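Residue numbers (the numbering used here), protein chains in the order written: chain U, 3 to 352; chain Y, 3 to 352; chain S, 3 to 352.
Hints were generated in silico from the structure; no laboratory data involved. Careful, some of the hints might be misleading.
[What the hints assert, rightly or not] Below, simulated DSSO-like cross-link-like pairs (lysine-lysine); rule was C-alpha separation at most 27 Å, straight line:
hint, chain 1, residue 1, chain 2, residue 2
1, S, Lys-322, S, Lys-267
2, S, Lys-47, U, Lys-342
3, Y, Lys-322, U, Lys-322
4, U, Lys-350, S, Lys-342
5, U, Lys-342, S, Lys-342
6, U, Lys-342, U, Lys-267
7, Y, Lys-342, U, Lys-201
8, U, Lys-267, S, Lys-47
9, U, Lys-342, Y, Lys-322
10, U, Lys-47, S, Lys-47
11, U, Lys-350, S, Lys-47
12, U, Lys-322, Y, Lys-342
13, Y, Lys-350, S, Lys-322
14, S, Lys-201, U, Lys-322
15, Y, Lys-342, S, Lys-267
16, Y, Lys-342, S, Lys-201
17, S, Lys-47, Y, Lys-342
18, U, Lys-350, Y, Lys-267
19, U, Lys-342, Y, Lys-201
20, S, Lys-350, U, Lys-322
21, S, Lys-322, U, Lys-47
22, Y, Lys-342, U, Lys-267
23, Y, Lys-322, S, Lys-201
24, U, Lys-201, Y, Lys-201
25, Y, Lys-201, S, Lys-201
26, S, Lys-47, Y, Lys-350
27, S, Lys-267, U, Lys-342
28, Y, Lys-267, Y, Lys-201
29, Y, Lys-322, S, Lys-350
30, S, Lys-47, Y, Lys-267
31, U, Lys-322, S, Lys-342
32, Y, Lys-201, S, Lys-342
33, U, Lys-47, Y, Lys-322
34, Y, Lys-267, U, Lys-342
35, Y, Lys-342, U, Lys-350
For clarity, every value in this text was computed on a predicted model and none was experimentally measured.
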Amino acid sequence: MRTRLGDLVESLGGELIGDPDLAVIGVAPLDAATASHITFLSNPKLRTQAAATRAGALVLSASDHQLISQGYRGVCVITTNPYAWFARAAQFFAARDTEPVAPGIHPSAIVHASAQIDSASSVGPQVTIEAGAVIGEHCVIGAGSFIGRGSRIGAYTLFYPRVTFLSACEIGARVIVHSGAVIGADGFGFAADQGHWIKISQTGRVRIGDDVEIGANTTIDRGALEDTVIEEGVKLDNQIQIAHNCVIGAHTAMAGCVGVAGSAKIGRHCTFGGAAMVLGHLSIADHVHVSSGSLVSRSISEPGQYTGFYPLARNADWEKTAAVVRQLDTMRDRVRELEKLVRQLTAKHE
Amino acid sequence: MRTRLGDLVESLGGELIGDPDLAVIGVAPLDAATASHITFLSNPKLRTQAAATRAGALVLSASDHQLISQGYRGVCVITTNPYAWFARAAQFFAARDTEPVAPGIHPSAIVHASAQIDSASSVGPQVTIEAGAVIGEHCVIGAGSFIGRGSRIGAYTLFYPRVTFLSACEIGARVIVHSGAVIGADGFGFAADQGHWIKISQTGRVRIGDDVEIGANTTIDRGALEDTVIEEGVKLDNQIQIAHNCVIGAHTAMAGCVGVAGSAKIGRHCTFGGAAMVLGHLSIADHVHVSSGSLVSRSISEPGQYTGFYPLARNADWEKTAAVVRQLDTMRDRVRELEKLVRQLTAKHE
Amino acid sequence: MRTRLGDLVESLGGELIGDPDLAVIGVAPLDAATASHITFLSNPKLRTQAAATRAGALVLSASDHQLISQGYRGVCVITTNPYAWFARAAQFFAARDTEPVAPGIHPSAIVHASAQIDSASSVGPQVTIEAGAVIGEHCVIGAGSFIGRGSRIGAYTLFYPRVTFLSACEIGARVIVHSGAVIGADGFGFAADQGHWIKISQTGRVRIGDDVEIGANTTIDRGALEDTVIEEGVKLDNQIQIAHNCVIGAHTAMAGCVGVAGSAKIGRHCTFGGAAMVLGHLSIADHVHVSSGSLVSRSISEPGQYTGFYPLARNADWEKTAAVVRQLDTMRDRVRELEKLVRQLTAKHE
């Protein structure tokens, strides 16, 4: 199926330079695009590649357009944020190519009589929905998912197959939850007593805002007494662990394998690289960016990029530097002693 | 529903100072508690906050009682371990507020005729139970869980929805397993042969003791030839990986995202911070405490706290220190050379 | 059930020294083997233990046979790769002891009319199979698994219970996928736009080759526009995250908790220790070996072993060395200054 480029630009904005009647079938990377594809230029390093693309249409900024218009002969769409334009175009084509899910409850689903499910929503095979759960309009609950007693799900929210959403939790509108995610398991709380652990009952909830995305096999624990909160627009990748009582501020994004320990309060518009870890009871300001593999062991009050991982080396070289790391305080003492001796020698010379 | 504080103290122990007829509805944090709540003081830093709490009852130690009794006017419960008392009180209220699960097997569950399920246990919707499995009394098997051929589950054990418990494994009494956990998958064992991997059949089991708790999406692999063993009272948080043939000693606790490689033997009463990693074939003594984000690359025979993570810094500062780390053996050589030169200079002066 | 050792050697190769009529019941470790077991010697450190084993048969190399034939009196099987021989023998006994799964579709499975399932394959209870899926011969699809629209599964592939295999993905022959694995969830792609994240539709697939093994709760995301590719013979342990557009080269093996960020291209015959992390858009050559807990932050073009983790220490010692790490660039400057001063002093003396 083909779409007239002019219609798409009318819908998504941007300035079209060239033939508005170009018929496009979808989006593609710079090097794979054909005369029927839209591609985009966002990274300045790819200007040469963009100038040579065979794409029928190229989305780019005004300044990049000036720089490469000599080379590229196709239709241009000029916009301030080419990547976002491209993302919206990709969403358009993906929605067009996806068969809509029919509303209704699959006969194999086990739904408690007191659960309220909007008639425009779809509940897949082998789903269990417990008493008092409320599911808003146009939701899709994938096969084999579990929705616990008294939990609430906002409109247009999508659960992929095999999501576990436990009792009394709340999730907003337009949320996407991927397969294997577990939301609302008990937080990890124990009181030590004579060598044994006494469980702290976890009676808080998980509350998740609108427009959140939660990756495959990610876990978000319910609060101990208060709630664990994921604010609107947060994006969590796969295999992430959010412990009890955390607050993740709006529009923060975390890559795969990140862990956040209990009661950490993370600001808005933060980003966390893969496998970054945050210790418990810390506060992290808005607009903090933590590099992959870094452990945040203290609160951060200033925006900026933070890093802490041991640099990779050939194993033989690492063996040598790691041996020195183990002795670094001794080396500092040796440098201090040298400074003292050199000062004395210098003094004798003057 | 209200509970008479005097009755609770009679049940849980402790010395009540004040009105035993105080009616309480639950537990709450220091700053959120009302006149109908019990709260507790355990962390000395919170004494001022405790003195000002509006809680109806405060659980605390005798020494803290002396220090803050001027400020706090409610009922006091004096006990040697306020946090453990509070934990038990929270369990009391949580149990009171939780509707008991009715025994019986949901009609949608698929249970093999040879499986033995105690009549006081509950099997939820869409559970599969294979041949020869044995489930003790008062267990709850949550919706969509899988229990493999010949596996055994002790009394009062709770599986949350969507637990996978594979064939021939054993689990004790009063164990809690959270959603998404996979117990008894194959260990990761291969023999290299001319650039290919030959699978080592994993024919051991997983054996789990009493009073263990296993977090959401945690995985515990079966042994290769022998068994993987989780001793009694062990507490595992979410997203933990325990490889084949490991032994985790009694009452050891591990926070989220910890990984333990194959055949590691971990002592009793240890603790592991989040994302700590233990290499294979190591032995770790009792009462060892490993900090978050630390990799244990050798056996540990002495109790104590162990740490090994790169300190976090602003990215620009990390860039500078990481560049030096890569050259640390050179720097050590330069310091040695300086020491030699300074010794020579000093000698000439004497 | 007993097997004649001579028959086994005839099937698996190797030179038998001793009684071919020895009847064996299985394989066992050196220290647990009885007169009815086969054991093996591969690690030279275990020669003394091997010489003393009570195993009925010992698999070993010709050179080890010469070294320990004085001590060990049982039957020997001489082969160039004792561990691989042992692995194949273990597979033989495991297959003999495992009841074969009967072909057919369990009545509780929900299978779309347009799905094609070979009649020699088995589909377990509570499985969902969507439209257009194709399952080859002799497959086993474990209870509660999900197979999405249009996905394809090769012959003799085994899904343990509760695997999620999403739409349009492909998997080869003789693949083993463990419980909780999620294959084909959306990659993590967003365009930033005025403080919000615009989702990049993930329209690529996951393509998995023959003879791959995928561990419990491991996640492999579908590509954004192109595909995520796992080549033949790759072995992935539990809790691994493979992001969108990655290519994992043939026969590469990754231990538990490894993470690979988007668009990384990893060579053939590589190995990754537990919790190793690879940043996005990197290339890693064939035969690269990354140690546990190491973060790969740049491309690697040379084969070899690479490492980068902070060495573990007693916490008090780590506190001291970490304090110096934070000041390492200052220390380098101090060493440079000392070198200058010492050169000046030396010059004055000459």
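Verification of the supplied hints:
1. Lys-322(S) to Lys-267(S): violated (39 Å)
2. Lys-47(S) to Lys-342(U): Outside the cut-off at roughly 50 Å; violated.
3. Lys-322(Y) to Lys-322(U): It holds: about 19 Å lies between the C-alpha atoms, which stays within 27 Å.
4. Lys-350(U) to Lys-342(S): It holds: about 17 Å lies between the C-alpha atoms, which stays within 27 Å.
5. Lys-342(U) to Lys-342(S): holds (15 Å)
6. Lys-342(U) to Lys-267(U): Judged against 27 Å, a Cα distance of about 46 Å means the pair is violated.
7. Lys-342(Y) to Lys-201(U): Roughly 60 Å separates the two Cα atoms, so the pair is violated.
8. Lys-267(U) to Lys-47(S): violated (51 Å)
9. Lys-342(U) to Lys-322(Y): holds (26 Å)
10. Lys-47(U) to Lys-47(S): Violated: Lys-47(U) and Lys-47(S) sit about 54 Å apart, past 27 Å.
11. Lys-350(U) to Lys-47(S): violated (60 Å)
12. Lys-322(U) to Lys-342(Y): The given pair, whose Cα atoms are some 21 Å apart, holds under the 27 Å limit.
13. Lys-350(Y) to Lys-322(S): Violated, at roughly 35 Å.
14. Lys-201(S) to Lys-322(U): violated (45 Å)
15. Lys-342(Y) to Lys-267(S): violated (48 Å)
16. Lys-342(Y) to Lys-201(S): violated (62 Å)
17. Lys-47(S) to Lys-342(Y): Given pair Lys-47(S), Lys-342(Y) is violated - Cα atoms ~42 Å apart, limit 27 Å.
18. Lys-350(U) to Lys-267(Y): Outside the cut-off at roughly 60 Å; violated.
19. Lys-342(U) to Lys-201(Y): Roughly 62 Å separates the two Cα atoms, so the pair is violated.
20. Lys-350(S) to Lys-322(U): Answer violated: Lys-350(S) to Lys-322(U) is near 35 Å, above 27 Å.
21. Lys-322(S) to Lys-47(U): Since the Cα atoms of Lys-322(S) and Lys-47(U) sit roughly 43 Å apart, the hinted pair is violated (cutoff 27 Å).
22. Lys-342(Y) to Lys-267(U): violated (52 Å)
23. Lys-322(Y) to Lys-201(S): violated (35 Å)
24. Lys-201(U) to Lys-201(Y): violated (40 Å)
25. Lys-201(Y) to Lys-201(S): With a Cα-Cα distance of about 40 Å, the restraint between Lys-201(Y) and Lys-201(S) is violated, given a limit of 27 Å.
26. Lys-47(S) to Lys-350(Y): violated (54 Å)
27. Lys-267(S) to Lys-342(U): violated (52 Å)
28. Lys-267(Y) to Lys-201(Y): holds (23 Å)
29. Lys-322(Y) to Lys-350(S): At roughly 34 Å apart (the allowed maximum being 27 Å), Lys-350(S) and Lys-322(Y) break the hint.
30. Lys-47(S) to Lys-267(Y): With a Cα-Cα distance of about 20 Å, the restraint between Lys-47(S) and Lys-267(Y) holds, given a limit of 27 Å.
31. Lys-322(U) to Lys-342(S): holds (26 Å)
32. Lys-201(Y) to Lys-342(S): violated (60 Å)
33. Lys-47(U) to Lys-322(Y): Given pair Lys-47(U), Lys-322(Y) holds - Cα atoms ~26 Å apart, limit 27 Å.
34. Lys-267(Y) to Lys-342(U): violated (48 Å)
35. Lys-342(Y) to Lys-350(U): holds (19 Å)
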